[in-house]
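Combine both chains into one complex, guided by the hints.
The listed protein sequences derive, respectively, from chains A and B. All the letters of the first sequence, read from the start, carry residue numbers 13 to 324 under my numbering. All the letters of the second sequence, read from the start, carry residue numbers 14 to 339 under my numbering.
Hints are supplied without guarantee of correctness; some may be wrong.
Unchecked claim - Chain A stretches covered by chain B per the calculated footprint, using a threshold of three residues with CB under 8 angstroms from any CB of chain B:
{"hint": "1", "segment": "224-235"}
{"hint": "2", "segment": "238-252"}
{"hint": "3", "segment": "308-318"}
It should be emphasised that the hints constitute simulated quantities derived from the structure, not laboratory data. For each residue, glycine too, the CB sits at the ideal point set by N, CA and C.
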Amino acid sequence: MLLYAIRRFGLALLILIVAVTVMFLMIRAVPGDPVQIMLGPRATPELQARLTAELALDQPIWKQLLIFYGNLMRGDLGIDVFSGRSVTAIVFDQLPHTLALIFASILWSALLGIGLGAYAAAHPNTLIDRIAAAISVSFVAAPAFVVALLSLLIFAVHLQWFPAIGAGEGFWGRLDHLVLPAFAIGLSWVGYIARLVRASMLEVMGESHIRTARAFGISERRVVMVYALRIAILPVVTVIGVGMGFLLSSAVFAEIVFARPGLGKLVIDSITTRNYPIVMGSVLISTGLFVASTALADLINAWLDPRARTAT
Amino acid sequence: MSDTLLEIDRLSVDYETARGDLRALRDISFDVRKGEIVGIVGESGCGKSTLISSILRLTAPNTRFRQGEVRFKGEDLLQLPERRMRALRGADISIVFQDPMQTHNPVLSIGQQMLDIQHRSKASRAEKRARAAQMLGAVGIPDPEARLDQFPHEFSGGMRQRIAIAMALMSEPDLLIADEPTTALDATLEVQIIERLQELQREFNCAILFISHHLGVIAELCDRVVVMYAGAVVESGDVREIFHDPKHPYTRRLIDCDPGHIKERARVLPTIPGEVPDLANLPGGCIFRDRCNQAMPRCAAEVPPLTQLKNGHHAACWLNHKEAAE
Numbered sequence: 013m014l015l016y017a018i019r020r021f022g023l024a025l026l027i028l029i030v031a032v033t034v035m036f037l038m039i040r041a042v043p044g045d046p047v048q049i050m051l052g053p054r055a056t057p058e059l060q061a062r063l064t065a066e067l068a069l070d071q072p073i074w075k076q077l078l079i080f081y082g083n084l085m086r087g088d089l090g091i092d093v094f095s096g097r098s099v100t101a102i103v104f105d106q107l108p109h110t111l112a113l114i115f116a117s118i119l120w121s122a123l124l125g126i127g128l129g130a131y132a133a134a135h136p137n138t139l140i141d142r143i144a145a146a147i148s149v150s151f152v153a154a155p156a157f158v159v160a161l162l163s164l165l166i167f168a169v170h171l172q173w174f175p176a177i178g179a180g181e182g183f184w185g186r187l188d189h190l191v192l193p194a195f196a197i198g199l200s201w202v203g204y205i206a207r208l209v210r211a212s213m214l215e216v217m218g219e220s221h222i223r224t225a226r227a228f229g230i231s232e233r234r235v236v237m238v239y240a241l242r243i244a245i246l247p248v249v250t251v252i253g254v255g256m257g258f259l260l261s262s263a264v265f266a267e268i269v270f271a272r273p274g275l276g277k278l279v280i281d282s283i284t285t286r287n288y289p290i291v292m293g294s295v296l297i298s299t300g301l302f303v304a305s306t307a308l309a310d311l312i313n314a315w316l317d318p319r320a321r322t323a324t
Numbered sequence: 014m015s016d017t018l019l020e021i022d023r024l025s026v027d028y029e030t031a032r033g034d035l036r037a038l039r040d041i042s043f044d045v046r047k048g049e050i051v052g053i054v055g056e057s058g059c060g061k062s063t064l065i066s067s068i069l070r071l072t073a074p075n076t077r078f079r080q081g082e083v084r085f086k087g088e089d090l091l092q093l094p095e096r097r098m099r100a101l102r103g104a105d106i107s108i109v110f111q112d113p114m115q116t117h118n119p120v121l122s123i124g125q126q127m128l129d130i131q132h133r134s135k136a137s138r139a140e141k142r143a144r145a146a147q148m149l150g151a152v153g154i155p156d157p158e159a160r161l162d163q164f165p166h167e168f169s170g171g172m173r174q175r176i177a178i179a180m181a182l183m184s185e186p187d188l189l190i191a192d193e194p195t196t197a198l199d200a201t202l203e204v205q206i207i208e209r210l211q212e213l214q215r216e217f218n219c220a221i222l223f224i225s226h227h228l229g230v231i232a233e234l235c236d237r238v239v240v241m242y243a244g245a246v247v248e249s250g251d252v253r254e255i256f257h258d259p260k261h262p263y264t265r266r267l268i269d270c271d272p273g274h275i276k277e278r279a280r281v282l283p284t285i286p287g288e289v290p291d292l293a294n295l296p297g298g299c300i301f302r303d304r305c306n307q308a309m310p311r312c313a314a315e316v317p318p319l320t321q322l323k324n325g326h327h328a329a330c331w332l333n334h335k336e337a338a339e
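Extracted from the complex, chain B is given alone in its bound form (with noise of 0.2 angstroms):
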């Protein structure tokens, strides 16, 4: 257990809304170990992005945290003071986001904005420079001091993404979580960005949390898979099972559909028919039941429950329960 560093524990999370509330999150549970590479795939809508502000408590006001725990090093960050968790914020658990073109400050200069995250640094403003140079240098940014007296937009996304990631590494964080960073990229720039993030990651040596829906980097980088489905945790485990033995009809579904997998020049890219179910209005029972071709009456009835298969392999589907496959 000490090698464990960010766990969630059935975190419930809403957005209260006028037509009720929206049932963001429902009862997430997985952890991240330390130095290991977790990734969280889901399409969009799933509750990926509510998932990380929620661990960074930067949420929209109309929030509620209905149950559960994240704890982050042993202690519940939803209990935490603010101050404290401002503490927490950029040094132990830092942050690359998804779009690099609005991702920093346009009227201050890369360097300004470099020196201000490190605010927490007794060093000189020399020094702090010097420290951000170097790290600009680490993610391949060439002439680096030069260059930190330049604004965002004379750099290009790809540019301003790997910046992000300077930003985020500076502090040498325990966690580093990555929404959708290569999303806005181009397919060359993405596999530079990766490559760079998994350097960087033996270097430093910190956790990642990897949120994407790309199904090849997931594979490429990650140790573990979280697949979540409309604001639950349907799948989890080991990259090599969820790949090669995916357990919940959604996660074969998921591989199904990916680009990247399809061998012959199809027609028609195959799809995952139907809709995410309306999450201020769920249905009871299994929410991947009205797309599942598998679907059985018990499916209707009961929620199925995230249940251990394996060693470290969760799924959340009838089908994996023996009486219920009779």
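Here chain A stands alone, though its shape is the one from the complex (with noise of 0.2 angstroms):
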């Protein structure tokens, strides 16, 4: 197991590293010269010159790249153009929110998700199974920015049971705040876990093993929460690893929306300043964590299935 984890952590590195630099070049490739944009068209010559130095905009493309791994290795991300503060300091401010805002999305999906699959699947074809299908369906085709909105609109606005915009002071204010957004965004992976649940458990529920189970007299909630949730909980843990990084991308969204702090806001704002250096930075830190929820995600299947840590 720790042997598994070690390489799993090693190959994770190596995609980050990957990501990173592809990043990097895709962004360089973007048209227009980042420090005029920067600067505004009244700066003086002295001035680009000095930022395009400071940069390192003057020097060969894989000279830059060298630099900026040089750089991250001393957990140095660059400086803000425009405040003078330090890019880690900025990203690492904002990073809390939209870990908050995904974990609480990620958690109460799951949690529903996953009882509501199996629930259904513990009844095939009743009417409750009936009605958590379509329940899922038309949870999964609505996309979040209109959930996003809705509930806006009728929580906070008609109803004001929940703060509409901000993350809130204090844990039950942070909490208070997260309600909506994390709704938002969650509701559309309620659907999708559940129907991967269901389906998962199924098959499981047909394997001949199940039936073992049942001819020991094992009761029917153990063979069922046990016996075969856990193999069939195996693929949506995969599922939910990669999808951290939708989330990531839903929280944009979700962030816009509820005018809420956090990394999805930082790099849009970021973005239409051609501010690189916090582009960047964001990036990394997104791609960190996507490339550190899938790897998790793996250790965890390796965890629950004993077959998946002698292989590979």
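Next up, the structure:
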């Protein structure tokens, strides 16, 4: 298990390096002189030259990449052109908000989705199963930004149950502010996970080891919750691991609609101003999150499924 | 009568399907006495598996019990509430399934699964574990204590089947159902498993209902045999009687076709020509008629009843009726 974990994280690091390099090159391919856009039309040539040198934009691209990685090793993502603050500090200021949003969304949608799916699979083709299916599919079909706008309108503006914008102060304040965005992002995941768990459960319930467990008089509850669910959950863990990436992008919508601070808002704002250090810093962190979550999903699977430990 | 453990009495089971009822079992009757080994022989699809899942009531949702009783120690299992039925499973009646590669849960350790099936026992975890290790030792798994922590995929097929037998015998059941336990294994392993079963049967003195299509194994292991064809019993009786003096043409052909029985090097292995009749659309008369080389006019008109010929030897064929033979 330990060896597997080390190997898996080695792979994750490799993926991270490749992804960050590609992102670095792609940002450079965006047309327009970044220095001119950053400083505006009235900047003096001296100022432009100084910034170009500061950002190492006068160097060949491979050298820029080396400088970038060199600084990265020291935990230095550069200095924000406008505020002069360290990019690392800016990014890590925003990160907790996004993380809280993503984890809250995935937590409630996974719990509800798995419960709904497992229940539907245990009672296939009953009325409840059909209702669950109809709800799940409509959840999946609803785009996150539409749900975000509607829930904002209904629960924050009309009913005034939850705050409309911002991130809140203190634990309960933050939690209160999390409800609507997490609801908006998580809703389609509830349906998706429920469908996935149901299909996966039905497949596992038909396997002969389930018949064996029943033939030994093991209670139906334990058969479903332990003998079947533990296997049926495996593809769900993988999907959630990969889904963290998609959640990061839906978090952008939620952060804009609910005017929440966070990585998504930071990236959008800095791309429009060609604020390279911030963009690279946020992209690096998001990529890192994505790579870490897929690696974590694989580790959870390896922990749940002994067969996965010996494979690869 | 008091030594009868299991009585199948005129059991008929259908499967409801889109193209009508599939008559999987029709009028099955036989019994198993305490400590006895009864073999059930028949081709694939003859209803063997339906029969055992009916005994344990682990049937598919489209199964319909049309008539008859399955009496275990005098109680009709088909009428028992699910709660009482579950109390019997794995306690008084245990089962070893066909495919050892699929029979264990792949994500739980063997020890965990062997602990779980002792859910009725009041013993401590350590005692249950010791009992599990003891059972693994009894079926010949070396170093059982350490192997309890391993997972099914770390065992070979033969070992997994022995573990399945250990699990089935753990509660010292009165009846062990073995559903083609050696079909998925190679010949040398088959002999090992059969010998182990025989030893354990003597040790635990349980009755065994042994399902197989391998006549050699049945002849070796069983006291009595039930021959099934297309969902019905065609012949049943003492194992020697059946093999030396079969009274049903199907049994006779089955013995002729057994590879172990063919003395000379045959160019073409003998087969029974024809096909098993469609269970959703049964022809009238004897079900084996189309494939029988001794069929008579009467066979098309009436279903031959399962009649007693000698003490305990039953067959369902008009050839055994004097008036028909004339």
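Checking against the hints above, which ones are violated? none
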